[in-house]
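Colleague: Following the hints, complete the assembly by docking chain B onto the known chain A.
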Amino acid sequence: MSSVLHRRFARWWLTGIAICLASLRCSVVLAVVVGFPDEGVRFDDLAGQLGDYAWTAKRIVVRGEIDVAEGVSSGTVEIDGEGLAIHDPGFERAGENLRVGGSIEILDLGEESATLRVDLQIVSGELLVDKLYVDLSVFPVSLEGRVAVPGGLGKGDRLRFEDVVVRIAGVGAARGAGEWALDGSSGEVLGTLEVDGLPRLYDLLYSVPADQRRYRIEDRGALTAEIAYRQDAAGVYALTGAASLSGAVVAADDPQLRLSLAAAEIPLALGPGVALETIATGRIAVGESTILGGPIGATVFPIEVGPSSIRLTEPVRVPVFGGAITVSSFASTDLHSADRQLRLALAAEEVDLSQLSQSLGGPAVAGSLSATIPEIEVGGGLLRSSGEMIADVFDGRVRVRHLRGDDLGSTVPTFGFDVDFEAISLEELTRVLSFGYVSGVANGGVRGLEFVSWGPVAFEAWLETIPKSGVSQRISVDAIRQISIVGGGASDPFSQGIMRFFDEYRYAKLGFQCRLHNDVFTLDGIEVEDGAHYLVVGATIPPRVNVVSHVREISFSDMVARMATVTQ
Amino acid sequence: MNRKSIVAWGLSATAAVGCLTVNVYFPAPELREAAEQVVEETWGDGNADGEEADDGATSWMRFLRPAAAHAAEVDIDVSTAAIRKLKSAMSQRAGQLKPFLRKGVVGINNQGLLEIRTLDGVGLREKAEVRKAVDAENKDRLTLYREIAEANGLGAADVPRIQKIFAQTWVDKAESGWPVQSANGDWGKR
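The listed protein sequences correspond, in order, to chains A and B.
The opening position of the first sequence corresponds to residue 4 in the numbering used here, with each subsequent residue numbered one higher.
The opening position of the second sequence corresponds to residue 6 in the numbering used here, with each subsequent residue numbered one higher.
Check each hint, because a few of them may be wrong.
Partial list, derived from the structure: chain A residues whose beta carbon lies under 7 Å from chain B [unchecked claim]:
hint, residue
1, I379
2, T414
3, V455
Calculated directly from the structure, the hints in this document are not laboratory data.
Quick reminder that beta carbons are idealized off the backbone N, C-alpha and C, glycines included.
Isolated chain B, as found in the complex:
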């Protein structure tokens, strides 16, 4: 047995015995729950425990649900100081922006950001206000996605996936009649 064979045999044996398993897991289900919580806290009625409120199931039954058990394994943190401040700023701005969404002036695009759809019928002062508010909101949303990644040990490469999850959540939680953009780029109404 020559030296190369010995090395190859040794590597094979090491590989067989000392098998290393690398699990790569992106916590999408937990992030969806976190996104729902954030959207509720900022643009909803502030009650973030939607899971407990949505089906009326008794408390002991919830322990049987896989999703709940799964969520308990990975806890997504959306309450760091930076995230709290962002949520507060977005929550205060929501009251200013919602009337523009109801009028169809502003829509939610498929990147989870706001977009001005039309300025018809809007006074000049309001035009300036909506431009400022949309810019500020989008800036905060992008910062929020980065902060959530950082707070939960996810890398910068995961930020687009977080943004995508939030994009769907913003649309799901939109009020009826708000302009929303589908994944293929078409605009319609929620």
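Same shape as in the complex, but just chain A:
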């Protein structure tokens, strides 16, 4: 992305210099005839062609003096242009309503050469670079430096420039030297970039209204870079050099994410034209930040940059939620193309589930989380992984496997994973979930769990109790009521008869199988008898309570409403 923008900008401002030269040439030719009186000479409705670019000008006023001697002109003129416009044939790059003022010193203007020193300001107008629109009244641009067309205007096909400085108000400046073909096809630029207004740069490049953005850059931050940019006639480009970044803080519109980039030294080697042997090291230092609502400690990531690729040179341990996550084998390739790939390995140790669950807005869940994920691969809109996360929780174990994502980058990115529950204490589980009281031990799992916009859209799940010596299987009246509501029951059988004298009951089995597909939620019991699905099978010793589901299929939104009722 950044390389494409950089290339487009480079081509744009080089073209801008060329149009200024072309405008001047027209003025000079006429000046020899009419001279420049004090009030200046005004030219209206000019038009012309510069390579592939068509340009027009509503009005240009020229003041100053030009000496003509032996066919070579020199002197200084001030110009004031209004309503300037330029565009390529497909309007990929265009400028309109440009208001340009400043001075042009003619160092050498003859049949065989043209060398100028320009100092111009574009104070209003519009720029378009493909889908990037810039309002120049918000981001005024100034341009100064020495430019030349070897071979002379109209004959030469390349623009040479030295000590050129392009400034964007409130954003920063680019300084450079090099040369570029007037048709924009090829060239070379060596220079530096100094950005002292990262939030303004973000505003410039991301033209979405501030209230519709998910992320913002909080501090001013500073970015400096030394860059070399080359492009051949076939469009093969290479951006090389090094960039330093400091003091940038990226924050999301909710408090879950706040990333402080304390300092970064990043070698640049982007584009298909980068030499294959290119390799350089750097580092990214992240200050104390917030991820998933929890604090993470300061961390330094040592990196190595190769041709359009970046990798971690050694594993990095990030303190988080009382434990740590270790990132290793991080590597991203083909960064310059849409086929970019990312691979990494993650390991988590002793992450405090209580801190994590509360940071995510849930109840405190005592336990710890560990993970070994030897490979996460992202590319082509897909995320695939191997390995598993293990949470030792509720006196049992929860395993999460097959973390996956589809249609990443689309309107409907989908994430999913599979879960296994092993020997979970229902007493611990129901205590955390405020679901009444259930004792016993259960196994279960979820297969094919998929989320769209953080809402589940598909899964197959089951849970069943397993007898365990020394562990009673009892269920409270409150829990029966909750299960009854989830299963579609409405009446309260405990309000009358002998049942009202008991607070809890023994059960023989508890469990279910359920499935969500295309918004239809299907709930099956742990036992089926005469078409009745038993969610709770009572113990043989009275008083005996069974919970039976009679409506197997409901819409998932109705099920969510039922769940909301029982969790209130």
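Modeller: Only chain B this time, still in chain A's reference frame:
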């Protein structure tokens, strides 16, 4: 009777007695109805029950129609969470894109996608906006076709057929004067 003959006879007998019929059916008529529903919900006036509104037939007469009976056999689901979100995004974008279709800046091509036809007479800010909107719309439409295939148990190989059905529906539902591309690639006006 040698062993080969016995095997051949056995296979023939099995084939004759245990005949297996594999029916391959692509629900094109139902998909056309689903496409009409989606296009109405996103780019139309939001009333997707076009079948009931189009001929004014009384309700009992509709039971006699083969198409209606046929449609009832295979129900095409276009209301999964992903499809709902896509439809919502496309519906919100429709108001932004329709003026460009009316001006002839954007047309509907024969792949069921939008295409910029000309940028003459369009300001630079609008040029950027229409480029972004067309890209986003086309991305959503292609995702929509894949999601419909997935939600209805159709394979990836069926996605181009779904896209083709949608392509015709987008053209059929286009407003008069919008640029549309015919199957042979020629551009004209609806």
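Colleague: State for each hint whether it applies.
Modeller: Going down the list of hints, with the structure as the test:
A distance limit of 7 Å between C-beta atoms decides the matter here; for I379 of chain A the minimum to chain B is near 23 Å, and the interface restraint is violated. Interface restraint check: T414 of chain A against chain B, minimum CB-CB distance 5 Å, threshold 7 Å, status holds. For V455 of chain A, the suggested interface contact is upheld, since its CB lies about 5 Å from the closest CB of chain B, less than 7 Å.
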